[in-house]
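First to last, the sequence lines map onto chains A, B and C. All residue numbers for the first sequence refer to full-length UniProt numbering, where the first residue is 1 and numbers rise by one. All residue numbers for the second sequence refer to full-length UniProt numbering, where the first residue is 1 and numbers rise by one. All residue numbers for the third sequence refer to full-length UniProt numbering, where the first residue is 1 and numbers rise by one.
If you're looking for bench data, these hints aren't it; they were derived computationally from the structure. Errors might be hidden in some of the hints.
Stated by the list, open to error - In the PhoX-like style, the derived pairs of lysine-lysine whose C-alpha atoms are separated by at most 25 Å in a straight line are:
hint : chain 1 : residue 1 : chain 2 : residue 2
1    : B       : 69        : C       : 58
2    : C       : 128       : C       : 144
3    : C       : 58        : B       : 222
4    : C       : 58        : B       : 233
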Amino acid sequence: MSAQRSFVKKTKAGRVMKVVREHYLRDDIYVGCELATEEYRGPDQSTWKLSPGASKFIVIDTNVALHQLDLLAHKSIADVVVLSVVLEECRNRSKSSYDRLRSMCQDPTKRFFVFANEHHRDTYIKAEPGESPNDRNDRAIRVAAKFYQRAIPSKRIVLLTNDRGNLLRAKEEGVDALSVRQFAREHAADAPELMDLVAGNDIDDEDVAAAAADDAPSAKRIFAEHLSASQMAAGIKGGTLHQGSLRTGRFSPWEGYVGSDAVGGDIMIVGRTDMNRAMDGDVVAVELLPESEWRRPGTKIAKPGEEHKDDKEDDKEDDKENETVSLAPAVAEDADDGSAVKAKREDGVVPTGRVVGVVKRNWRERGYAACIDLGPGAAGAAAASRLLAVPQDRRLPKIRIQTRQAAALVDQRIVVVIDSWPADSPYPEGHYVKSLGKLGDADAETAAVLLEADVDDRPFAPAVHACVPPLPWSFDERTHLQAQPHREDLRNLRVCSVDPPGCRDIDDALSCRPLDDEGMPGMLELGVHIADVTSFLHPDTAMDDEAKRRGTTTYLVQRRLDMLPKPLTEDICSLRGGVERLTFSVFFRFDAKTGLPVPGVEPRFTKAVIKSAAALTYAEAQTMMDDPNDTSPLANDLRRINACARSLRKRRIDAGALTLASPEVRFEMDKETNQPLDVGMYVTREANQMVEEMMLLANVASAERILRAFPSHALLRRHPTPAPRMFDPLLKACRAAGVDVDVSTSKKLADSLDAAVRPDDQYFNTLLRIVATRCMSQAVYCVSGAHSVNDRVHYGLAAPLYTHFTSPIRRYADVVVHRLLNAALGLERAHASLQDSEALKAVSDNINVRHRNSQMAARASVELHTHIFFRKKAAETEARVIRVRANGLIVFVPKFGIEAPVLFDDEEEEGDKKAVLDEEAMTVTTKAGKTWKVFDACKVCIQIEELAAGRSRLAIKIL
Amino acid sequence: MEYVSLEGLRLDGRRPKETRRMRCELTALPGSDGSAVFELGNTKVLAAVHGPHECRRPSERLEDRLLVKCEVSMAAFSTGERRRRTKGDRRTNELSTFVRRCIETCVSAELLARSQLDVSIQVLQADGGVRAAAVNAAVLAIVDAGIPMQDTMACCSAGYLDDTPLLDLNYMEEGGGGPEVHVAYMPQMDRVVAIVTENKASVDVFERAHELALDGCRVASKLMRERMIEHAKHLWAMRQVTLRVKDDETGDEAKPISMET
Amino acid sequence: MTAPVLPGEPLRHADEVRSGPGTYVRGKSVVAAVMGHARTTPAADDADDKRPLVEVIKGPVVTGDATGRGGGTLLPEVGDEVFARVLRINPRQVWCEIVAVNGKAVNDASGFQGIVRQQDVRATEIDKVDMYESFLPADVIRAKVLSLGDQRSYYLTTARNELGVVQAKSPFTGEPMVPVSWQEMMCPSTQVKVSRKVAKVD
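Given only the sequences and the hints, what does the whole structure look like? Please build it.
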């Protein structure tokens, strides 16, 4: 049977066209339950998902699917019929809800059955004349529910809906319908948590009515009503409104910026009222204020009370937390508005606007890590059912939640989801999802960090483990050499690996062989050997899908979240000393005299098997090289490699590669208690640079090789040349410091950075480099076909081409590059996904996101451990001013890599005696007469201030 | 875009290995020597054959075989948006070349040397699979015209989206950007006449799509065959009537005709 | 009743039968080349090849093959007598549609076009012929095929006594007119005479 679906659509160009689509109706779609009669249940037993033992089957409507996902995710909810009309509408409205619902449908324990009602002959309905699409879909859901009653008469079929009209009509039509709250109440006996999971704006009933009565006095409108979608669209088109994604500053939570081309820069939005319920990341419509109301961007660090000053429920103590102490971000995108363009006028006033509507919310479906607010404003919190939750992310406002387990949640790190933000509420409304553990507990806080960064810390599924070859795995002549004639036997070659101490996932090793005996005197053959992960990780396997999803291994301070299962990571692929391992090797011919590759000799890629002579640490390798008495062949190899690395490095720097600096912090951990013992900046030795140089060499060679084979499908890593304006903060700081920096090319920048040395100040140069690094955007993966030649350069390395080849154990990009190389060398057929630009683009986008998230998580983890570390002991140390503000300084503590604001003491006491800020010179003079200039050094004391309920903050004081 | 739901249904409710509903009609235009309409879901193509006749341009005449001319035009109303289409744009040129080549292979061209066959194809409605429908319509029209052929032919497309091989892509699915394989196939001779792929396909994807398209050709061919037989029966019945009328006129005795069963 | 066959369908083994019209030999089989019905005729007694002949007969043949030429479409040839309906006229020639050849009706679909040029209207005073005095649209004329003409039309002639207009309708009443001379016809009701190149009908 078939029907035509016909509708009228407006094209992008504004023309109206009629679209007619075929719609086939079938009789072979089954209800997924063995209780149904033969006609309805179908022959395939594997489709009988709904358990015959369930008390009832639940049919959900679209709103429930969109907004009550946390309830649906609860373990007591199973045997749900998800109609295709619901799924479809869900997908159109919210991609993330759809994904989550889909994954529930996949989960075998949930027994969510998808019934394709839109294609079933008995449940497909045509819209009546005048019936809105929503009403039609609601009717389709009711029809489907009735159909289920008919198909499975022995079971109670419940329609779950929060739409009053739908509920009434369903009852009229004889469908057993419940609202979500009624449903939760029905189950209160066996699953009391369900009530908490009910997301707000429920239609009935006494609970809400009571709550509404409570709120009645405060029910006055706090915020201006948002414009409707069509009003916004019209305004944006007409140029009266500006659309953009809202970015709030890390140091001023109630100040945000929206980029607008029309204004030629950012529009600033200041204050709660003008922010009008918009949050960081939301796409908003902004209206410019009259020019007379434009303001200067805040030059103050958010002070206690400022961000909540029109909010009487907040208390001082709580607000102190809003001074952010965090680790220094590495690059521009992570920093706050440093890179923002400001269409500034002479007097420093910037275009200012207010939010009139939200085009798209950026609320996370997975929720926010938060804790319960215990301030006096939330008096008697333990007893109340309506509480405020303080999100960990300072850019977010508090969230109001309803719970019946307040007492139990007080000292817990919890996950909260935002449902809505009505105009008459000072806070967004949300609901509690789950608890991660006790506040301040390292594990719970780490879980929160992972949640915030969206890093998956679940163990690998059995299906993934099934893809791992059984242990103990060992090299086998027959399967790996004879059956793979392309694999070279390099077990006699002297190979070693150099890695950080404690590294167990060794994915690279080096070798160096003089070619004197082969009639090429003075020549060296340098080999870079990379773990041959793609021999074990095949496309279209569960393991590959999982690795593709995770994208990268995440390194936390005390934990490593692997991209691949442990046996592969630490054993089968790890190039440990003394064992035979499969590799993907690349050989370069070097001239021993110049220490550079011999021109005209192509790097040679091959699959191989090696037996590493030693797995060294950086320190060990350095000692070996430095010890003149050590004349072992391995030490000689290392020295030769190092000599080549030096020449390469010189050549690279001559070409304009930047030596950048980002503060990396390392913890010495106590192996038993997992507590940080000491913390300090990462020390780099020459051995590090040697390995880095060799890896760069191999990566560049791989990039060239894959690009030659796949001009439009190569996965490259590009580092965009920064726009001149992005260097403004650097230039400003340099001007203030009296240093000349030329940013016109990377070469000039590198040279001028080299020249900017202060003989009396060793750290000044590094500091400058940190600031410079922050001006640049991050390097990203890209597909070669999508970018022009100039567009895919690596700015930082001054390389026209670059990719990642050397760490396939911990990065998925390298896995892709390995596969591309396999195909380029003709070792295997290129998998379909490698030849599909779209699929490749999706992979590269995902690994970019994952990579970023993983870095965020790593940083947050370090931050967390810094807290734990300083809880034990306060420290006095050297700090540097990196920015000045009207009421304080932002200092950077090199030793711990901490960047934090420092407020001047009681500067607010007398209004006329304020600190004086000179933005051009970047100095601030306190009222005590002390002048601080950017890059100034100071002594600070770092300690933990313990706050209520196990919370703490890092306090920095200038001594 | 999700082209195949996890429940295994495509956007229009088909399963991956199902074709759309096909329908065909012979002698759709009595004014031409042979004509046919072929419908593939909402795609509808009319083909008309004129000839064989003397070559219009003596310079084009082929001394050893039939000259086949093929012209494809898209009706202004064939897609959702009404658009007057210029004749001979890239798309229709490519399509007409494809149809012409297919026809040249299946007719007994050497029997009709020095003459010309005109095939006009009008796409009345385009909803995906136009190429397949055009070939099928042209073949039916040629059969209808009684041009000697080596074998009949059927054409079908298959694609690969969401990691699933899909038979007979509709308009939406063709827009998915996945690989597409069009196969023209002569069922009795078991011979693939033409394969066209669009978008990049790896070898294994191609193989799977190709197999599927071939199955689709068999399905299409079966349907076309049934329809042609039915039509032949109809014509035969008409012939019997005419013969009888003629015999009555002349008063002669009807000659016994022996028939092969 | 026989089974219909389709192109490409094997009919008989090539050793057993001879391949006739509408069939061809592929490998060891005689195969149908057109859609239709297969017919087997025993070989003539005196033929060298004793195998029966297999042919495939297409559908109906609406126009008979009275001309004695092979079946299929009825084609006018030079010298054939045709009946034609006048379609269009200008001072130099008239266009007409041939409706019958040698007394047999032409299949509608064939639509042969004929042209009578000014010099072919009558045998005498051929340069003084006024086409509008000779024919008008909708007249039915009897003519002979003069030549195969240009690509579109046969050239016809009416330059004989028995050729010319055989039927014309009265411009006033629409009735068929009656011939009164070789140059005139008369409307039976109004008695008005109209000029034509009239055929002398026996």
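Now for the hints, and whether the structure bears them out:
no., hint, in the structure
1, B:69 with C:58, "holds (24 Å)"
2, C:128 with C:144, "holds (21 Å)"
3, C:58 with B:222, "holds (21 Å)"
4, C:58 with B:233, "holds (10 Å)"
Consistency with the previously given hints is maintained throughout, with no hint failing.
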